[in-house]
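There are 2 protein chains.
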Amino acid sequence: MNRPLILVTNDDGITAPGIRKLISIVNEIGDVIVVAPNSPQSGKGHAITINSTLSFEELNLDGPQRDFSCSGTPVDCVKMALDKILPRKPDLVVSGINHGANSSINVIYSGTMSAAVEAGVEGLQAIGFSLSDLKWEADFDQAEEFIKDIVLKTLENPMPKGVVLNVNIPNLKKEEIKGIKVCKQANAKWEESFDERTNPHGKKYYWLTGYFNNMDQSEDADETALANGFISIVPVKFDLTAYEYMNELNSIYQ
Amino acid sequence: MNRPLILVTNDDGITAPGIRKLISIVNEIGDVIVVAPNSPQSGKGHAITINSTLSFEELNLDGPQRDFSCSGTPVDCVKMALDKILPRKPDLVVSGINHGANSSINVIYSGTMSAAVEAGVEGLQAIGFSLSDLKWEADFDQAEEFIKDIVLKTLENPMPKGVVLNVNIPNLKKEEIKGIKVCKQANAKWEESFDERTNPHGKKYYWLTGYFNNMDQSEDADETALANGFISIVPVKFDLTAYEYMNELNSIYQ
Chain A
1 MNRPLILVTN
11 DDGITAPGIR
21 KLISIVNEIG
31 DVIVVAPNSP
41 QSGKGHAITI
51 NSTLSFEELN
61 LDGPQRDFSC
71 SGTPVDCVKM
81 ALDKILPRKP
91 DLVVSGINHG
101 ANSSINVIYS
111 GTMSAAVEAG
121 VEGLQAIGFS
131 LSDLKWEADF
141 DQAEEFIKDI
151 VLKTLENPMP
161 KGVVLNVNIP
171 NLKKEEIKGI
181 KVCKQANAKW
191 EESFDERTNP
201 HGKKYYWLTG
211 YFNNMDQSED
221 ADETALANGF
231 ISIVPVKFDL
241 TAYEYMNELN
251 SIYQ
Chain B
1 MNRPLILVTN
11 DDGITAPGIR
21 KLISIVNEIG
31 DVIVVAPNSP
41 QSGKGHAITI
51 NSTLSFEELN
61 LDGPQRDFSC
71 SGTPVDCVKM
81 ALDKILPRKP
91 DLVVSGINHG
101 ANSSINVIYS
111 GTMSAAVEAG
121 VEGLQAIGFS
131 LSDLKWEADF
141 DQAEEFIKDI
151 VLKTLENPMP
161 KGVVLNVNIP
171 NLKKEEIKGI
181 KVCKQANAKW
191 EESFDERTNP
201 HGKKYYWLTG
211 YFNNMDQSED
221 ADETALANGF
231 ISIVPVKFDL
241 TAYEYMNELN
251 SIYQ
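Each protein sequence line maps, in turn, to chains A and B. Residue numbers for the first sequence follow the numbering used here, so the first one is 1 and each next one is one higher. Residue numbers for the second sequence follow the numbering used here, so the first one is 1 and each next one is one higher.
Warning: the hint list may mix true and false statements.
It does not matter which identical chain is meant; a pair holds if it fits inside one copy or across any two.
[To be verified] Derived pair list, reagent style DMTMM-like, types lysine to aspartate or glutamate, alpha-carbon separation capped at 20 Å: (1) Lys181 <-> Glu244; (2) Lys153 <-> Asp91; (3) Lys161 <-> Asp239; (4) Lys161 <-> Glu191; (5) Lys181 <-> Glu248.
In case anyone wonders, no lab produced these hints; they're calculated from the structure.
With the sequences and hints as input, model every part of the structure.
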């Protein structure tokens, strides 16, 4: 069998340590092409670039993979890769390793996960990986074996169309990681608290800050798994229809 | 009973004809505060501003409402409104009227719908409205009575937490609109085709273009309803867990 073709992207930018580690892991498994943002794109969600232009260029970085740096968002990178860069549809798209967790509601703000979701929209197998450590120098080595295991299992057990994986890794030594747990998205949110400042011209401006409010203690929630030392895997879909509410809504509009 | 407090936002910017029409409609129903982007934010999805600052200012525009122009994305606008501008939690958040449809997969790219989803994350009642006409001078008057009806019904019949509405309106005269139909998100996608150009310095650059591929002819899909002359309402949720795939995934990771 041919080696699988694997597209790698992220939202922290093509030089981030997290993506370089992910590339080194999947280089052992397949032929790798990297198409990733040329600048940090955290929190860009599913943004696409429609009112300005995009460009990309090939870089010459260490390793057997090919690296393309793209001017757009993570979702733009996936679209550019599929239409302009890859020789054929990839067998797998992996995004990350994100510097910081994308568990629970963070899935909707995350450029890392939005890239994986976009690949899913394109009918591809896709996984987003995130480590619960925001630091640039986070220790991605601890998760290496688990990530390799998840990539191999996904290649062996393709997901149905319309599903991608959101994998979050606790910030622990590998011997402290208790295993891998299939989870649901925890019910959680950010409580905003904008930090108000005044610029030199007397005008107020704000930094978005806040604290994370986990309202979900259920055993199978991703936040619970992470807190208990497990790697969480949430199967994520992009059919957002709340089917369970359709009957009631129908009764209102009859 | 007090008049409801209604927050209005959008992604086309605070001066867009679509939001001005929506404001005029909800002014008849409640006390209205507008917090909307100071520039077009189409396709921004659920992007938030974390690596730069935000600001807002009150404008003096016609009508009884208060208008605040915000420097961020549609989701930023909702967060700023709740933390810094509104006197209390609003009874309803309405977003739009978008210039262009946000049916089917467009819900994930849409700033209009992401603002409504963010309001849902905050535990609020929220509706996104979009008209199937991209033109700035689109005829929003035709939909007025339907929008008023949907706003009133939503205030009278609060949705469960975790659900918001995605309302799309066909580009028809009001007497041609067949009614309102509760729908699911159609299975559809954009087929990318980047338009390649060369800049004056010889470097290639790209515009994102493509065509819309509707793969879903089912009677209850939003695209079908719109094509048949109905206004579509899709109940949208932000718990993205693919519960139907959890058992199989569990068997892979046991």
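Ascending list of hint numbers which this structure does not respect: Hints that this structure does not satisfy do not exist here, as all of them hold.
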